[in-house]
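Participant: Listed below are the residues making up each chain.
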Amino acid sequence: MLSLRVAWRFLRSSAGQSALIACGIAVGIATQIFVGSIIISLQANLLDTTIGSAPQVSIEAIKESDPVRFTPAMKDVVYNDPRIKPGTVAPVRSVPALFSNGTDSATLGLIGGELKELDGIYKISDKTLSGKASLGNGEIMVGKEFAEKYGVSAGDSIALALTGGQSGTFTVTGIFDLGSSQFNGRQAFVSGKVPQNVLGWANDEFQAIDVQLIQPYDSKDVASSWSSRLPGVSVVEWQGQNASLLAGLVAQSASSYMIQGFVLVAVALGIASTLAIAAVQKTRQIGILKAMGLEDKAAGRIFLFQAAMLGVAGSALGVLLSFAILALFSLSPAPFTISMDPTFVAVSAAIGIVVALLSSIIPIRATSKLDPIEVIQNG
Amino acid sequence: MADAPETAPGGALDGVSASDDSGTCDFGMLLAAKNLAKTYGEGEAATQALRGVTFDLCNGEFASIIGQSGSGKSTLLNLLGLLDTPTAGTALYHGIDSATITKPARAIMRNEMIGFVFQFHYLLPEFSVYENVAMPALIAGKLPTEEIRSRAEETLGMLGLDGMSGKNANALSGGQKQRVAIARALMNRPAILLADEPTGNLDTTNTNLVYDLFREISRETHTAFLIVTHDRSIAERTDRILEITDGNLVADVRNSYLPEDR
Numbered sequence: 001m002l003s004l005r006v007a008w009r010f011l012r013s014s015a016g017q018s019a020l021i022a023c024g025i026a027v028g029i030a031t032q033i034f035v036g037s038i039i040i041s042l043q044a045n046l047l048d049t050t051i052g053s054a055p056q057v058s059i060e061a062i063k064e065s066d067p068v069r070f071t072p073a074m075k076d077v078v079y080n081d082p083r084i085k086p087g088t089v090a091p092v093r094s095v096p097a098l099f100s101n102g103t104d105s106a107t108l109g110l111i112g113g114e115l116k117e118l119d120g121i122y123k124i125s126d127k128t129l130s131g132k133a134s135l136g137n138g139e140i141m142v143g144k145e146f147a148e149k150y151g152v153s154a155g156d157s158i159a160l161a162l163t164g165g166q167s168g169t170f171t172v173t174g175i176f177d178l179g180s181s182q183f184n185g186r187q188a189f190v191s192g193k194v195p196q197n198v199l200g201w202a203n204d205e206f207q208a209i210d211v212q213l214i215q216p217y218d219s220k221d222v223a224s225s226w227s228s229r230l231p232g233v234s235v236v237e238w239q240g241q242n243a244s245l246l247a248g249l250v251a252q253s254a255s256s257y258m259i260q261g262f263v264l265v266a267v268a269l270g271i272a273s274t275l276a277i278a279a280v281q282k283t284r285q286i287g288i289l290k291a292m293g294l295e296d297k298a299a300g301r302i303f304l305f306q307a308a309m310l311g312v313a314g315s316a317l318g319v320l321l322s323f324a325i326l327a328l329f330s331l332s333p334a335p336f337t338i339s340m341d342p343t344f345v346a347v348s349a350a351i352g353i354v355v356a357l358l359s360s361i362i363p364i365r366a367t368s369k370l371d372p373i374e375v376i377q378n379g
Numbered sequence: 001m002a003d004a005p006e007t008a009p010g011g012a013l014d015g016v017s018a019s020d021d022s023g024t025c026d027f028g029m030l031l032a033a034k035n036l037a038k039t040y041g042e043g044e045a046a047t048q049a050l051r052g053v054t055f056d057l058c059n060g061e062f063a064s065i066i067g068q069s070g071s072g073k074s075t076l077l078n079l080l081g082l083l084d085t086p087t088a089g090t091a092l093y094h095g096i097d098s099a100t101i102t103k104p105a106r107a108i109m110r111n112e113m114i115g116f117v118f119q120f121h122y123l124l125p126e127f128s129v130y131e132n133v134a135m136p137a138l139i140a141g142k143l144p145t146e147e148i149r150s151r152a153e154e155t156l157g158m159l160g161l162d163g164m165s166g167k168n169a170n171a172l173s174g175g176q177k178q179r180v181a182i183a184r185a186l187m188n189r190p191a192i193l194l195a196d197e198p199t200g201n202l203d204t205t206n207t208n209l210v211y212d213l214f215r216e217i218s219r220e221t222h223t224a225f226l227i228v229t230h231d232r233s234i235a236e237r238t239d240r241i242l243e244i245t246d247g248n249l250v251a252d253v254r255n256s257y258l259p260e261d262r
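Sequence lines, in order, name chains A and B.
Quick note: the first sequence uses my numbering, first residue 1, plus one each step.
Quick note: the second sequence uses my numbering, first residue 1, plus one each step.
No lab work stands behind these hints: they were computed from the structure.
Careful, some of the hints might be misleading.
[Claimed, not checked] In silico EDC-like pairs for lysine to aspartate or glutamate, Cα to Cα no more than 20 Å straight-line:
(1) B:Lys103 / A:Asp371
(2) B:Lys142 / A:Asp296
(3) A:Lys85 / A:Asp119
(4) B:Lys34 / B:Asp97
(5) A:Lys123 / A:Asp48
(6) A:Lys116 / A:Asp177
(7) A:Lys144 / A:Asp126
(8) B:Lys103 / A:Glu374
(9) B:Lys103 / A:Asp296
(10) A:Lys85 / A:Glu117
(11) A:Lys116 / A:Glu139
(12) A:Lys75 / A:Asp126
[To be verified] For the chain B half of the interface with chain A, some residues (derived, Cβ under 7 Å), not all of them:
(13) Asn111
(14) Tyr122
(15) Leu124
(16) Ser128
[Unchecked claim] Sample of chain B residues facing chain A (criterion: CB under 10 Å; computed from the structure):
(17) Gly52
(18) Leu83
(19) Arg110
(20) Phe116
(21) Pro125
(22) Arg184
As the structure is a computational prediction, the values presented were derived from the model and not from experiment.
Glycine residues also receive a C-beta, built at the ideal position from the N, C-alpha and C atoms.
Assemble the whole structure, with the sequences as input and the hints as a guide.
Facilitator: Given below as structure tokens:
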């Protein structure tokens with residue numbers, strides 16, 4: 001196609017200028033990808049810290065002191081929901097206990113369940129700092145802050161007073177760190193039998209059925225659909241209980257979009273002004289081509305192709321540059337790792353190309369309007 | 001003489017009615033300028049560059065337009081070349097009224113029927129000699145690449161530019177550049193070549209060379225030539241002289257000078 005050929009030749013004849021425009025686009029797209037990836041990774045990290053090791057949807061009894069019966073019908077609903085992260089259904093019972101070491105005392109929430117099921121939610125095995133992950137009879141796992149505060153180590157025995165006047169001695173099998181000092185200091189894991197005996201509940205009766213989701217933001221939909229299918233229970237989800245966190249995430253996203261938007265506007269203005277200058281520089285050539293019979297549309301396409309070529313080259317360069325920036329960033333002691341979502345990178349590169357194409361509107365219109373006689377008369 | 005050149009172009013001009021106005025031409029009427037007028041500006045600042053010029057030109061005719069600087073001869077040529085639009089009147093090519101066709105159709109007519117040579121060569125510095133010459137055919141987009149290549153080489157050969165096709169247009173001398181511009185104007189085998197002071201920037205040797213070439217091409221291809229000049233000695237080398245004064249066609253004479261080899 002002639003317009004494409006002419007566009008390429010024009011770009012090549014002003015190689016320095018073309019390279020500068022491509023670099024401008026590249027810097028813009030790299031910034032867009034870098035800022036976007038930082039925000040996405042930061043939010044993912046924040047989300048993981050907050051709810052990555054916690055229930056995202058819980059089925060509870062309507063009255064707090066009542067148990068929830070994990071009936072076959074309920075199991076059918078829960079286990080067959082494709083939105084559930086595999087292996088993350090944990091029926092749990094919990095009871096409060098009082099710890100005392102003679103000088104100090106503290107309340108400790110005992111979460112009881114099967115280690116395998118609890119691992120699905122809390123990842124205790126992965127987060128055991130010392131000792132081992134084990135929740136057999138008479139065994140307990142306590143948090144890092146609790147262990148440090150009361151001088152407890154793996155292998156120690158601790159005495160706990162349970163509700164209803166019961167008491168027991170437990171062997172500390174492991175110390176965990178779930179990333180939350182509040183959780184580490186106030187919660188402990190025991191066998192499911194411990195709270196079951198205290199509460200006097202049947203084998204299918206639990207405090208809550210906790211689950212995690214493949215997509216945490218599906219929690220509202222999941223809770224809503226389960227509520228309608230499971231009468232007589234309450235389904236709570238993390239978004240409803242973390243309104244301030246959600247507001248923070250939304251505000252963070254909004255500021256990220258704003259930064260990315262301004263970057264794109266800056267890129268668009270840069271390309272548009274440079275292409276407009278290029279159009280003025282090539283006015284003579286365009287006029288000559290038109291005098292030879294090149295139609296307005298074909299003349300306009302020259303700058304559309306130029307913009308497309310610059311957009312593709314600049315965006316590709318921008319993606320490479322963003323890889324380099326992220327590689328450099330990974331060398332710094334950041335508290336979280338930045339990962340690049342291939343879809344986000346592809347969308348950013350596509351946006352770069354679209355912005356470049358849109359930026360060619362002004363030179364295309366100017367070129368279309370150009371009358372060859374203006375060039376011929378003015379030399 | 002060989003057969004007359006092709007007449008009305010096809011493509012976007014199909015369906016446009018053409019009147020039969022062949023007059024006394026041996027090979028048919030090519031161009032009819034009818035009361036062409038051009039005014040620049042408006043109100044008190046208005047300047048009448050052309051005041052209603054009417055004449056006919058036959059296929060293959062070798063003619064010139066002469067006049068003083070500012071007389072309106074270049075304006076007339078630009079109107080005939082469909083580069084500019086007249087304030088009044090019209091130009092008909094093979095009976096097709098250029099005032100009634102669309103802008104894209106005018107572009108096609110310029111591309112297929114008309115060749116231009118200006119005082120300045122107007123070559124595209126980004127392209128090679130071959131690409132510059134081939135450009136009108138590339139714009140038309142009708143011929144296969146091989147045919148464009150062979151026709152461009154043939155046209156360059158006709159103008160004594162063999163072996164120059166790979167060079168950059170900027171690497172040529174002034175005379176060579178102007179000959180490349182002529183080759184480009186002839187690339188689509190136009191019915192008419194409009195030349196505006198084509199030797200204004202050339203020395204005497206190159207000037208003579210260019211006019212000898214024009215005469216030879218006219219004889220070999222039956223392309224009509226309309227050459228604008230302010231130099232009466234150049235005009236006298238053509239078969240017909242149209243004289244413009246103050247925007248009016250004041251004389252239209254057949255030249256008595258006939259080269260011996262005509």
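Participant: Does each hint fit the structure? Answer for all of them.
Facilitator: Do the hints match the structure? See the list:
no. : hint                : result
1   : B:Lys103 / A:Asp371 : holds (11 Å)
2   : B:Lys142 / A:Asp296 : holds (18 Å)
3   : A:Lys85 / A:Asp119  : holds (13 Å)
4   : B:Lys34 / B:Asp97   : holds (10 Å)
5   : A:Lys123 / A:Asp48  : holds (12 Å)
6   : A:Lys116 / A:Asp177 : holds (17 Å)
7   : A:Lys144 / A:Asp126 : holds (14 Å)
8   : B:Lys103 / A:Glu374 : holds (16 Å)
9   : B:Lys103 / A:Asp296 : holds (9 Å)
10  : A:Lys85 / A:Glu117  : holds (12 Å)
11  : A:Lys116 / A:Glu139 : holds (15 Å)
12  : A:Lys75 / A:Asp126  : violated (27 Å)
13  : Asn111              : holds (2 Å)
14  : Tyr122              : holds (5 Å)
15  : Leu124              : holds (5 Å)
16  : Ser128              : violated (10 Å)
17  : Gly52               : violated (20 Å)
18  : Leu83               : holds (5 Å)
19  : Arg110              : holds (5 Å)
20  : Phe116              : holds (6 Å)
21  : Pro125              : holds (7 Å)
22  : Arg184              : holds (8 Å)
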